[in-house]
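Asks: If you want the building blocks of each chain, they are given just below.
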Amino acid sequence: METFNVYASRLITKKEYFSPGHRACQGCAEALAVRLVAKALGQNVIVSSATGCMEIVSSPLPFTNWRVPWIHVAFENTSAVASGVEAGTKALIRKGKLPDKRTVFLGMGGDGATADIGLQSLSGAFERGHNFTYVCYDNEAYMNTGIQRSSSTPFGAATTTSPAGKLKPGQITWKKNMAEIAVAHNIPYVATTCPSYPFDLIQKVKKAASINGPAYIHILSVCPTGWRVPPNKAIWIGRLAVETGVFPLYEVENGKYRITVDVPDLKPVLDYLKPQGRFRHLTPELVDEIQERVTHEYNGLKAKTAL
Amino acid sequence: MAEMVTLSIDGREINTPAGTTILEAAKDANIYIPNLCSNEELTPYGSCRLCMVEIAQGKRARLVASCIYEVADGLEVKTNAERVLNVRKLVIELLLARNNKHPALRKIADELGVEETRFPVEQKGCILCGQCVRTCREVVGVSAIGFSGRGITRKVATPFLDFPPDCIACGSCVYVCPVQFIPMKEEKDVRTIINFDYPMQKCTKCGRYFAPIKQLEYFSKTTGLPLEHFETCVDCR
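Chains as they are written, first to last, in the numbering used here: chain L, 1 to 307; chain U, 1001 to 1237.
Among these hints, one or two may not hold up.
Calculated cross-link-like contacts (lysine-lysine; reagent style DSSO-like; alpha-carbon spacing at most 27 Å) [as the list claims (entries may be wrong)]: (1) Lys-304(L) with Lys-1188(U); (2) Lys-90(L) with Lys-1107(U); (3) Lys-1101(U) with Lys-101(L); (4) Lys-256(L) with Lys-1185(U); (5) Lys-206(L) with Lys-256(L); (6) Lys-274(L) with Lys-1202(U); (7) Lys-1202(U) with Lys-267(L); (8) Lys-1221(U) with Lys-206(L); (9) Lys-1185(U) with Lys-206(L); (10) Lys-1089(U) with Lys-1078(U); (11) Lys-1221(U) with Lys-1185(U); (12) Lys-1202(U) with Lys-1221(U); (13) Lys-1205(U) with Lys-233(L); (14) Lys-274(L) with Lys-1124(U).
No lab work stands behind these hints, which were simulated from the structure alone. In this text, all values refer to a predicted model and were calculated from it rather than measured experimentally.
Please model the entire structure based on the sequences and the hints provided.
Replies: What follows is the structure, given as structure tokens:
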């Protein structure tokens, strides 16, 4: 459904639940992703947000960008709070103190809050089977504190704590595959998406919210500041990530894989690496190594969809 | 600033600008009313009848479709009265008789406690909400599809069931349909909507097929820019 263009976008709600005026950097694709997620979920939602860029830019005291109930929680317990809110609401509904309004419970955090610090509480919430949706905005490093590496940083990327030098080519480990970790919990719905494909994103978020049980959505959000790309190229880079196979868009519904944005022939991964300043030190050998890994993982995913 | 009116919905006092509909006011106040044919971008139409509510001004209470009824001062609205629920149950049963498979309808049926329709099921798919027809007319501005027939033979169709000359193959009708009734398929250089084929434009720079040619011709006509401007895709432009 990625082929809808101009006219379909007019049919998306004009109401802003993540209002303009926030303090994100120019060209921030993460803010765009949050805005689209908020639009997809509508008004009836309770958000638990981990510390991170989106918390900092949206809630400078005494202002807030959120037009829906929003709780700021620490890195490590976002999912715990989201599941608590869900359980509490359920209990109040059972006692008749709250009307049953089909509220959506959303936990959200960056890659640090999801793949590193908050992983235990997220895993616990998945395992307990709370009816909530967790959205990870993956900008591939701790951008808010000044671009420190996380376990989600891809191989070869230079960050302030994995600088590229004579001995090391930036990050020396491969990106943690969070979506697969979520799939391994046997939860009903897991999806990856990117704000460069807004309809895909909105559809997946709506689906995740409508599903009974935990759902996990992994959103690749281009960070112009941290990735060293011009702000006007953020959407383009996001699309390149999909077209080169670095970040394939797929969904897993009850264990069944489906690629949602199909790319019949992948572009060379160099197209994606080249415009980004964080990869500019890479040698052709390292690019080949990355290409090999990307092709391997993409073929692995293709094989899973055929199952 | 528009004039504000005060009404009560389910006992809650609500302030809302004059001219909004009951459905919008309820949505803003986080009160759920099921609906299938309303879309804030389109003129209200009132065809699905799922959003029926009971209104009372003074003594007389009556049922109206909340998506086309404007708010008024002192209006008392009940969204969950027994009378309302009975009507909604009947409506969803009638809708299920046209399409008893789609999850969107099943979900509303579950909420209302309806398991199966009492009417003979004729699997038609389309529920005649008219969102596609309104989208084509109001959002896209081409009116390529419309309703044909009356009563039980009413259906969404292209003029004379033939290839629609005005259609620009944008796919908005496919997107907006609440029951995914209109099929759309894309195979490299051809986009197929219902069973009509539309050739796609190949980007002059990257060679990707990115949009239907008819749509680009329409852009060119509405914007007054030369057609060549649109023959490269957004990425390469």
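Asks: If you draw a straight line from the CA of Lys-90(L) to the CA of Lys-1107(U), is it 27 Å or shorter?
Replies: Within the cut-off at roughly 19 Å; holds.
Asks: Starting from Lys-304(L), check that the Cα of Lys-1188(U) is at most 27 Å away, please.
Replies: Given that 27 Å is the threshold and the Cα spacing comes to 24 Å, the pair holds.
Asks: Is the straight-line distance between the alpha-carbon of Lys-1185(U) and that of Lys-206(L) 27 Å or less?
Replies: Cα-Cα ~22 Å, so holds.
Asks: Need the status of pair Lys-1101(U), Lys-101(L): alpha-carbon distance at most 27 Å?
Replies: holds (24 Å)
Asks: Does the alpha-carbon distance linking Lys-206(L) and Lys-256(L) stay inside the 27 Å limit?
Replies: This hinted pair holds, its Cα atoms lying about 18 Å apart.
Asks: Given the hinted pair Lys-1221(U) and Lys-206(L), is their alpha-carbon gap at most 27 Å?
Replies: violated (35 Å)
Asks: Within 27 Å, alpha carbon to alpha carbon, are Lys-274(L) and Lys-1202(U)?
Replies: The hint holds at about 25 Å.
Asks: Between the alpha carbons of Lys-274(L) and Lys-1124(U), is the straight-line distance 27 Å or under?
Replies: Outside the cut-off at roughly 52 Å; violated.
Asks: Between Lys-1202(U) and Lys-267(L), does the CA-CA distance stay at or below 27 Å?
Replies: At roughly 17 Å apart (the allowed maximum being 27 Å), Lys-267(L) and Lys-1202(U) satisfy the hint.
Asks: Given the proposed pairing of Lys-1205(U) with Lys-233(L), does the C-alpha separation stay at or below 27 Å?
Replies: Status holds; Cα separation ~18 Å.
Asks: Given the hint that Lys-1089(U) pairs with Lys-1078(U), test it: the Cα-Cα distance must not exceed 27 Å.
Replies: Measuring from Cα to Cα gives roughly 16 Å; hence the hint holds.
Asks: With the threshold set at 27 Å, check whether the alpha-carbon distance from Lys-256(L) to Lys-1185(U) stays at or below it.
Replies: holds (22 Å)
Of the numbered hints stated above, those contradicted by the structure are hints 8, 14, listed in ascending order.
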